[in-house]
Structure formats: C-alpha cells, structure tokens
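Undergrad: Required output: the full structure, derived from the provided sequences and hints.
Protein chains in written order, with the working numbering: chain A, 1 to 239; chain B, 1001 to 1390.
There may be inaccurate statements among the hints.
Once the Cα atoms are required to be at most 25 angstroms apart in a straight line, the calculated DSS-like pairs of lysine-lysine come out as [what the hints assert, rightly or not]:
#, chain 1, residue 1, chain 2, residue 2
1, B, 1292, B, 1376
2, B, 1005, A, 88
3, B, 1292, A, 124
4, B, 1017, A, 141
5, B, 1079, B, 1292
6, A, 141, B, 1381
7, B, 1083, A, 81
8, A, 81, B, 1079
9, B, 1292, A, 73
10, B, 1017, A, 73
11, B, 1005, A, 141
12, A, 143, B, 1379
13, B, 1005, B, 1079
14, A, 81, B, 1017
15, B, 1278, A, 81
16, A, 88, B, 1292
17, B, 1215, B, 1083
18, B, 1215, A, 88
19, B, 1017, B, 1376
20, B, 1005, A, 124
Read the hints as simulated data drawn from the structure, not as lab findings.
What you are looking at is a predicted structure, and each value in this text was computed from that prediction instead of being measured.
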Amino acid sequence: MDDSVLIRTVDLVKIYPMGDQKLIALNQVNLILRKGEFAGLVGPSGSGKTTLLNIIGSLDVPTRGSAEVLGEKVETLSHRKAAELRNKHIGFIFQTFNLLPVYTVYENVEFPLLLLDLSASQRKKAVMAALEWVHLADRAKSKPPQLSGGESQRVAVARAMVKRPDLVLADEPTANLDADNSHHILDTMEVLNRDLGTTFLFSTHDQKVIEHLRRKISLVDGRIANDETIGDENRRKRP
Amino acid sequence: MTILKLAVRNLLGGGMKSWLNAVVLSLAYVTIIWTQGLYQGMDRQVSRTMIDAAVGGGQYWVEGYDPYDPFTLQDARLKLTGKLEELAQSGEAAPVLIVQGTIYPNGRVQAALLKGIDPEQKVLMFPSSFLKDSDSEIPALIGSRMAQSTGLGTGDTVTVRWRDVHGTFDAQDLQVVQVMTTSIQTIDIGQIWVPLKKLEEMAGVENEATIVIVKKGLGQAEDVPGWTFRDLDFLLQDIHQIVKSKTVGASIFYAFLLFLAMLAIFNTQVLSIFRRRKEIGTLMALGMTRGKVIALFTVEGALHAILAALIGAVYGIPLLAYFVAKGLGLPVGTADSFGFAMSEKLFPTYSAGLVIGTTVLVFIITTIVSFLPTRKIAKLKPTEALRGKL
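TA: Put into structure tokens, the structure is as follows:
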C-alpha cells in the first residue's frame, strides 16, 4: 500500500437488519484518504456518513468489503486490537462533545494519555500544550457543565489531539454550535491540520464546515455520489 | 492503577449518590462489627467469669462422673492421692465433693446438689470464706436464684436429707449463712455449698472428692489414674455453643442489612450503566477495551465499600470505643435469660480479625454485586452506546 494512504475502503457494504427488512447504509463504497487531508463526508441524514465514519474509526465492522485504516483491516480486528488502534492512532470529536462530566477539563484531555500509560510529567506537558492549541489553558480546572458549547467542543478537540493521532474523525462537530463558535473550532482544526499534519475526516451537512473542507466526498443513499477537491480560492478565508 | 485512579474520580464525582450509598453501606458495616463485637465480648466475658468462679484452669473428674446424670453421683468420688493431693495441699487445686440431696423448704420437697468445698480455697473467685467460722452445724452458702426458688434467706434453716457412703439415708438441718449474688447459674441453681470437711463427714468419706478444680493457668499437670482431666475447651463448650447459636441468629439480622445495602449498590450500578451508556461509548471510542470499562465500573462500585469503611470509621470508632469503655447495659432481669453467666453490662470486644474479616467480606460482596450488572457492557456495541442505546 502507498505509504501516504491512510484509509482505503474497497466495495464497502454495511447492512442493518430492520425486522424483516434490511437497511443498506453503505453500498459499494470505495474511498482512499491520504495523510494530511482535511476532508468531509457530506450528505443528508441517512446517507451513511456516520456509518462510514464509525467503520473507519473501528467502532463498527462492515457487512461486506474491506476497510483498511493505517494498515489494519477493520473487519478482522479483535475488540482489543480495535481499541488499541483507536487509542493510539485515532481521535474522535462528537456532535454532543461527549466530555466526561465528572472530570475537569484537564482530566478530560488527559484521559487518552492515561490509557497510553504515559508518565505524569509527559501527560501534563501534552495536556497543557493541547489546551494551549484550543486557548483553554485557563479553564483547566473547570468542569464540563461550567463550559459553553464552543468551549466544550474545543475541549473535545484538545482531547482528540492530545495524543497527536494520525487521524481525527469528527462527527457533525458543529451541529450544536453557533456560527462564530463553529468557525472558531474549524479554524483551530485547520491550524492543527496544517501545523501537525493530522488528517481530519468530517461527517457533516453543515455548510459552515463544508466551506472549510479541502475535499468534499458527497454521499447519497450509502454511495459516493461525488468526490471533489476544493481549491483554496473556493474555500472560506481564515480571518 | 489507571482504572483505580479513574474509578476514584468517578466515585467522588458521583456526588450525593455515591455518598448516600456509602453511608448506607457503612451502617451495615458498623452494625455488623458492633453486633459481632457484642457476641465476641459476650463469649469472652462469660468464659472469663466461668473460669474465675466455676471452672478454674480445668478440672479432674472422677471416672464415670457425669454432671447430667444424677445416678452417677452415688459412686462418683475417689480419694485424693499423689499429684492431686499435692495440688490440693499447696492450694493450687480445690477438691469438690458432690452428694445428691433433698431439701424441704417450706414443706416442699426439692432436689439439691450438696457441694463440699474448702472454705479457705483460693482457686476460684467464689465466696467460700462465708462457710468458715460459723456456729451452725451445717453452714450453707446458696446463690440468689436458689434462694428465690426455695424461699430461703440468710439465717434460715432447712432440713436436708442425703445418703451416705453405706447407702443409709440421713437428715439434718442446715443453716444458710449467706446468699451470694452471682451471674453464673451453674454454681447457683439447685446447689448448696457446704464446707468440704463437713460434707465428707456427712457422707462418711475422708479426703475424697468428685472433681478437683485446678488453678487458672495451671492446666493439666499429669495423667492421674481414676481421674479424667477436662480442659477449658470441654468445660466451656456449652457456653461457646450457646453464644454461637445466638451469633447465628444475629447474622440473619445483619445479612438482611447487608442485603439492603447491596441492593442499593446493585441498583446504582444498573442505573449508572443505563444512564452512562453514552459515556461508556465515549470511553470505548477513546480506546478503552470492554474489559477495562467493565473493570472501571466494577472497581467504581467496589470503592463504595472502601468509602463506606472510611465513613464507618469516622462515626464507628468513637461509637464502638464508647461501648468498649462503658459497656452495654442489659435491661433489668434479662441477664438470666441468656442461659449462661451474664452480668448486667455487656462489654464488646473488637478483634483485628473481626474488623479485617468484616471489611474483606463487605468488600468482596460489594465487588461481586458491582460486577454483575457490568456484564451487560461486554455485549455492548460502541456505536450503540454512543447513540445512547443499551
């Protein structure tokens, strides 16, 4: 496999049983994503964006076909290996932030590092750096209920980035944010993509996100309907 | 270590719910130790009292003597020789002669054991000294229960009839020189204590005894032909058995208490897994294996036991220490209802074994109860958990 290829799906099919019926969520999806991309899966609800994101994130397995992520075939991974892949190489950002409510901001960001068994000093350095990236170093001791939506999602970004993953999967990251916060978050992610070389893959139908993408993969009824690279001239200019 | 650290954070972050569970569990925990301590104290207290006033450091019984079979009494006596005589003369043993008798208090007939003991003996903490220097022909010492059942009091006389060594019945009046108050029923009910020499004279024997009580701490000196040594385990076995049966009764009470506490923990765990399913999905997405998530929730639940022990220590230690120092007063008249020597105050004892044993027991049960609901996580798909489904 080409070294620059991070994700490769071949004839990927995902079918959900719905009583006597079958729901085809993904149908023959073939996709290649390279390192450093800032791409988005775009499409209406039910188009299969989140399903594809989940399979790439090794949270789910395909019914048929293959999904290769960082050289690992998702469909053959054991639960333990899948968890290890997520722990070491993949960061997740969710629509509803999914912060751990009883932990402070610092502890939330520190969490993935605890699973990596890093020393306390290594963890502290990495957490503070991650909080600096999202401009929340001064809120380290706050707890999630004390944060605004924008701040919460910035914490989620810091948590996803703190272990310097190869890939960040963001599922509708701006769905619960206002326009200003959405652009702020996306700007932050663009900076991290540019400065750290982290690959970002979004699932979205939010125009604000789409304006930031460098590659737009449109899904319709579980199939890739369009895959286009967006030039800088057509992208939203960073303020 | 990470799991423990996260579990502590989650537990403390759980706020009021965690504290309430731990307080309920601590109540069960302290009650178990308190109750068990009372029974442990009861066993120790009764044993000590029995050793001091009734059984000494052990007893030599004439072969064939059975305290539960009055027919054995007729022949149950033997001359003191050798080592036993030596012990008796040096004051390290107290011979007791037992003769079956009948008394006629207030016109009634009542069986009584006549027990002869040396008034000068120092082996037992027993008020035998009242039997010396009396003008009475047969001075007698009885317990308060015996006094109550016979209607006799200090200074009263009563006719006693017995059979001597030749099988001849004889009768004479004895005088109660003292009514002793004792918590030990086995030296009180149905017994009349008289000077040993007097009873030997009445029975027509010389230097004979039915049992020889050795001094506390002395134990068995050597095998003596014709005598069987009964150690403390044998002599106190009935007491231990009664205390044990009472402990079992109490166990049902604290098992119920523990059950309620465990129900609260189980309920919390089930609710917690249901309420925190999205969090479980997040933990899995962040790279936690299912095994680790199960371990986290189990440890979190089990930590309730640790928190309960700490809370229990805060109010339990002063409470238990108070009872150790002041004792637990038993309601008037109930001391006799236990079936063994109980004083009016019960002093509990809390051994390290009891505290550690209870802590370990509560911890293990809590851990098991905490683990059971988490098995659901093993079947949970991360994507469904993230969507808030179970």
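Undergrad: Look at each hint and say if it fits the structure.
TA: Tested hints:
As the CA atoms of residue 1292 of chain B and residue 1376 of chain B are separated by approximately 13 angstroms, the hinted pair is consistent with the 25 angstroms bound. Restraint check for residue 1005 of chain B and residue 88 of chain A: the C-alpha separation of about 20 angstroms stays at or below 25 angstroms, so the hint holds. A hinted pair counts as satisfied when its Cα atoms are at most 25 angstroms apart, and residue 1292 of chain B with residue 124 of chain A qualifies at roughly 23 angstroms. Under the criterion of a C-alpha separation no larger than 25 angstroms, the hint pairing residue 1017 of chain B with residue 141 of chain A is consistent with the structure, at around 23 angstroms.
Between residue 1079 of chain B and residue 1292 of chain B the alpha-carbon distance is near 77 angstroms, which puts this suggested pair outside the 25 angstroms criterion. Distance hint between residue 141 of chain A and residue 1381 of chain B is unfulfilled; the C-alpha atoms sit about 32 angstroms from each other, more than 25 angstroms. About 80 angstroms separates the Cα atoms of residue 1083 of chain B and residue 81 of chain A, which puts this hinted pair outside 25 angstroms; it is violated. Distance restraint check for residue 81 of chain A and residue 1079 of chain B: the Cα-Cα separation of roughly 87 angstroms exceeds the 25 angstroms cut-off, and the hinted pair is therefore not satisfied.
For the suggested pair residue 1292 of chain B and residue 73 of chain A, the alpha carbons sit about 23 angstroms apart, so the restraint of at most 25 angstroms is met. A distance of roughly 43 angstroms separates the Cα atoms of residue 1017 of chain B and residue 73 of chain A; the hinted pair therefore is violated under the 25 angstroms criterion. Only pairs whose Cα atoms come within 25 angstroms are accepted, and residue 1005 of chain B paired with residue 141 of chain A is accepted, the gap being roughly 17 angstroms. At most 25 angstroms may separate the alpha-carbon atoms for a hinted pair to count; residue 143 of chain A and residue 1379 of chain B exceed this at roughly 31 angstroms.
Restraint check for residue 1005 of chain B and residue 1079 of chain B: the C-alpha separation of about 75 angstroms exceeds 25 angstroms, so the hint is violated. In summary, the hint linking residue 81 of chain A to residue 1017 of chain B is not supported, as the alpha carbons are separated by about 35 angstroms, beyond the 25 angstroms threshold. Among the hinted pairs, residue 1278 of chain B with residue 81 of chain A is consistent with the structure: their alpha-carbon atoms are about 21 angstroms apart, no more than 25 angstroms. The hinted pair formed by residue 88 of chain A and residue 1292 of chain B meets the criterion: a straight-line CA distance of about 16 angstroms does not exceed 25 angstroms.
For the suggested pair residue 1215 of chain B and residue 1083 of chain B, the alpha carbons sit about 14 angstroms apart, so the restraint of at most 25 angstroms is met. Using a Cα cut-off of 25 angstroms, the hinted pair residue 1215 of chain B and residue 88 of chain A is violated, with the two alpha carbons roughly 75 angstroms apart. For the given pair, residue 1017 of chain B sits about 22 angstroms from residue 1376 of chain B by alpha-carbon distance, which is consistent with the 25 angstroms threshold. For a cut-off of 25 angstroms, the pair hint linking residue 1005 of chain B to residue 124 of chain A stands: about 16 angstroms separates their Cα positions.
The structure is inconsistent with the numbered hints 5, 6, 7, 8, 10, 12, 13, 14 and 18, although it conforms to all the rest.
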